[in-house]
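> Following this note's numbering, the residues of the sequence shown are numbered contiguously, the last one being 595.
Please note that a few of the clues may not be correct.
Claimed, not checked - Simulated crosslink set (DMTMM-like; lysine to aspartate or glutamate; CA at most 20 Å straight-line): (1) K278 to E65; (2) K161 to E130; (3) K431 to E181; (4) K534 to E111; (5) K303 to E318; (6) K200 to E492; (7) K278 to E32; (8) K534 to D355; (9) K359 to E318; (10) K278 to D255; (11) K494 to E473; (12) K431 to D355.
Stated by the list, open to error - Restraint-style ranges between C-beta atoms, simulated for each label pair: (13) R467 to P505: 43 to 53 Å; (14) K180 to D535: 39 to 49 Å; (15) R471 to F202: 22 to 32 Å; (16) E310 to D131: 15 to 25 Å; (17) G452 to D535: 33 to 43 Å.
Since the hints were derived computationally from the structure, they do not count as laboratory data.
Glycine included, C-beta positions come from ideal geometry on N, C-alpha and C.
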Amino acid sequence: MTEFDVVVVGSGASGMSAAVVAAKHGLRTLVVEKTEFFGGTTAYSGGVAWIPNNHHIKAAGKQDSRAQAIEYLRATLGNHYEAAKIEAYLDNAPAMLRYMEDNTELDFVAVGTPDYLPWNPGASSHRGVLAKEYDGSRLGDRLNQLRRPLKEFTVFDSMQVAGADIIPLRKAFRSAKGFVHTTRMVTNYALQKARYGRGTRLTSGNALAGRLLKSALDAGVTLWSDTAARRIVMENGRATGLVVTREGKEVTVTAHRGVVLASGGFGANAEMRKEFMPLAEHHVSMQPEGNVGDGVRLGAEAGGELVRTNPANGIFTPVSMVRDRDGKLKRFPHIMIDRYMPGSIAVDGTGKRFVNEADSYQTFVMTMQQRGLARVHMIADRAFLRRYGMGLARPFPYPVRKWVDNGYLIEAASIAELARKIGVDPATLETTVASFNRGAARGEDPEFKRGADAHSLYRGDQENKPNPSLSPIIKPPFYAIALVPGDLSSVAGLRTDERARVLGKDRTPIGGLYAVGLDMNSMTRGLYPAGGSSLGPALTFGYIAARDMAGVDASTEPAPAEPAPA
30 MTEFDVVVVG
40 SGASGMSAAV
50 VAAKHGLRTL
60 VVEKTEFFGG
70 TTAYSGGVAW
80 IPNNHHIKAA
90 GKQDSRAQAI
100 EYLRATLGNH
110 YEAAKIEAYL
120 DNAPAMLRYM
130 EDNTELDFVA
140 VGTPDYLPWN
150 PGASSHRGVL
160 AKEYDGSRLG
170 DRLNQLRRPL
180 KEFTVFDSMQ
190 VAGADIIPLR
200 KAFRSAKGFV
210 HTTRMVTNYA
220 LQKARYGRGT
230 RLTSGNALAG
240 RLLKSALDAG
250 VTLWSDTAAR
260 RIVMENGRAT
270 GLVVTREGKE
280 VTVTAHRGVV
290 LASGGFGANA
300 EMRKEFMPLA
310 EHHVSMQPEG
320 NVGDGVRLGA
330 EAGGELVRTN
340 PANGIFTPVS
350 MVRDRDGKLK
360 RFPHIMIDRY
370 MPGSIAVDGT
380 GKRFVNEADS
390 YQTFVMTMQQ
400 RGLARVHMIA
410 DRAFLRRYGM
420 GLARPFPYPV
430 RKWVDNGYLI
440 EAASIAELAR
450 KIGVDPATLE
460 TTVASFNRGA
470 ARGEDPEFKR
480 GADAHSLYRG
490 DQENKPNPSL
500 SPIIKPPFYA
510 IALVPGDLSS
520 VAGLRTDERA
530 RVLGKDRTPI
540 GGLYAVGLDM
550 NSMTRGLYPA
560 GGSSLGPALT
570 FGYIAARDMA
580 GVDASTEPAP
590 AEPAPA
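Just need the whole structure built from these sequences, with the hints factored in.
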């Protein structure tokens, strides 16, 4: 069958949201995925969607409002606040969340994370909702078509670890509760591995991707993997179909209601990184190999405009790297597991701190970019390493020596020796560490105010007193790892309106053509107000686009539409 109402390019959160909602409204829907796996960048993500004023906030005993969210976004985005698009998002996101929870496999729980600029007016917490873990065996044979999470975030090859598992795992040999939790996890994983050949407990972004895949299957969405989109069919200025390569042949697919571009951005495209990412020669992307900008290319060829004026073009994160014995590059994004914990700092090439290390990953890397820092070092001591781990070097009881031997961890008996090994002035680094230690012992950071704001305070180790974010660096040996600027995804995309319609260079909509997720230019123009500021709009504008194609007015409650005639 090559006749559909809706054709979606890409299978991450935005594409699958559009596909599921379109199918639920009676539209015959096809998803084409370039790689062999469904899930896109979403499958690698933390699985949190930022949805202000959502119904889970009240259930958590908190309050929020549309007006408060607008106040926060205006303060955070300044001149980059796009009223029509942002307010369409705020109007539709809570309804999207209810609709998806009521009609699909999606299920979420509120998380208490504060907004990333908690000092701004209108800031709050609990606006992020986390996809609940999911039993992947419910996907049957399709489980093997779901993109797995980053291997660096799994244990024993395919045992996924949720955020709620981290503290019990750290305490596996320090408390009875931690030991029981860890033993249960490992036992369940062993049973899953024996029965299915892999772990079936899906967490975080993999749970979200798995839930969306099951929802698409249940809704009757047609799914084609290993299918590359080549060009959009245009008739009288309107997108009416898509030419794809499938099983070695070109196939033209008709799309009566619309084509949705949701290919997931261009992080894996080295040439586009050179144009859009600062410090490009040092920049490392964490995006899947298929995310090379197909959607923005297709949209531009059809008359759309790729936005080049954002203040930022990626969701940035510091990354550490090392090569395996077989030469394969291992990459670790330092999103939050180690960097926020008490007892570490980051220093630049002079041996001085340059940022509140517990700021958001976006702020951390944008500070590197603004100061032209192609490489910095995370510094910690033996106690920190064994308690929290440092990137790929996991905490006790995992061995440390191999990471020292392969050069990933730099080890030294003193701060001065460590300075010499990382190429900074020993006296400067000693002064930096001593100054940090004096404040940390009191629970204070006079230089960067780490732990004084709601975000860095929340992200730290709540058992560490008096400040969850601060602890001295005192127990040798001392360690360092090199961090370079990287991204979790690109965000520069096609110019769209509040209905996710791609706009031509004259700023009028191109009929039948939509862009969502990372193919739609960032609603926040690359600025990052909170965790989930990518997945929230991805799900919501997928929902908006589908309803627009189904002819459902945004102000009405969702209602099934009749399929368009073939």
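> Decide, hint by hint, whether the structure agrees.
The hints, checked one at a time:
1. Between K278 and E65, the direct Cα distance comes to roughly 17 Å. Compliance with the 20 Å bound is thereby established for this hinted pair.
2. A C-alpha spacing of about 11 Å is found between K161 and E130, which places the hinted pair at or below 20 Å, so the restraint holds.
3. Between the alpha carbons of K431 and E181 the distance comes to roughly 16 Å, so the proposed pair stays at or under 20 Å and holds.
4. The hinted pair formed by K534 and E111 meets the criterion: a straight-line CA distance of about 18 Å does not exceed 20 Å.
5. For the hint pairing K303 with E318, the CA-to-CA distance comes to about 17 Å; that is within 20 Å, so the pair holds.
6. Among the hinted pairs, K200 with E492 is consistent with the structure: their alpha-carbon atoms are about 12 Å apart, no more than 20 Å.
7. Only pairs whose Cα atoms come within 20 Å are accepted, and K278 paired with E32 is accepted, the gap being roughly 17 Å.
8. Distance check on the hinted pair: K534 and D355 sit about 48 Å apart at the alpha-carbon level, beyond 20 Å; violated.
9. A threshold of 20 Å between alpha carbons decides the hint, and for K359 with E318 the separation of about 14 Å falls inside it, so the pair holds.
10. Pair hint K278 plus D255 holds up; C-alpha atoms about 12 Å apart against a cutoff of 20 Å.
11. Distance hint between K494 and E473 is fulfilled; the C-alpha atoms sit about 11 Å from each other, no more than 20 Å.
12. Note on K431 and D355: the hinted pairing holds, with a Cα-Cα distance of about 15 Å set against a maximum of 20 Å.
13. Hint check: R467 to P505, Cβ distance near 18 Å, so the stated range 43 to 53 Å is violated.
14. Restraint check, K180 to D535: a C-beta distance of roughly 46 Å satisfies the suggested window 39 to 49 Å.
15. Hint check: R471 to F202, Cβ distance near 31 Å, so the stated range 22 to 32 Å holds.
16. Between E310 and D131 the Cβ separation comes to about 48 Å, which falls outside the hinted range of 15 to 25 Å.
17. Distance hint for G452 and D535: a CB-CB separation of about 53 Å, inconsistent with the stated range 33 to 43 Å.
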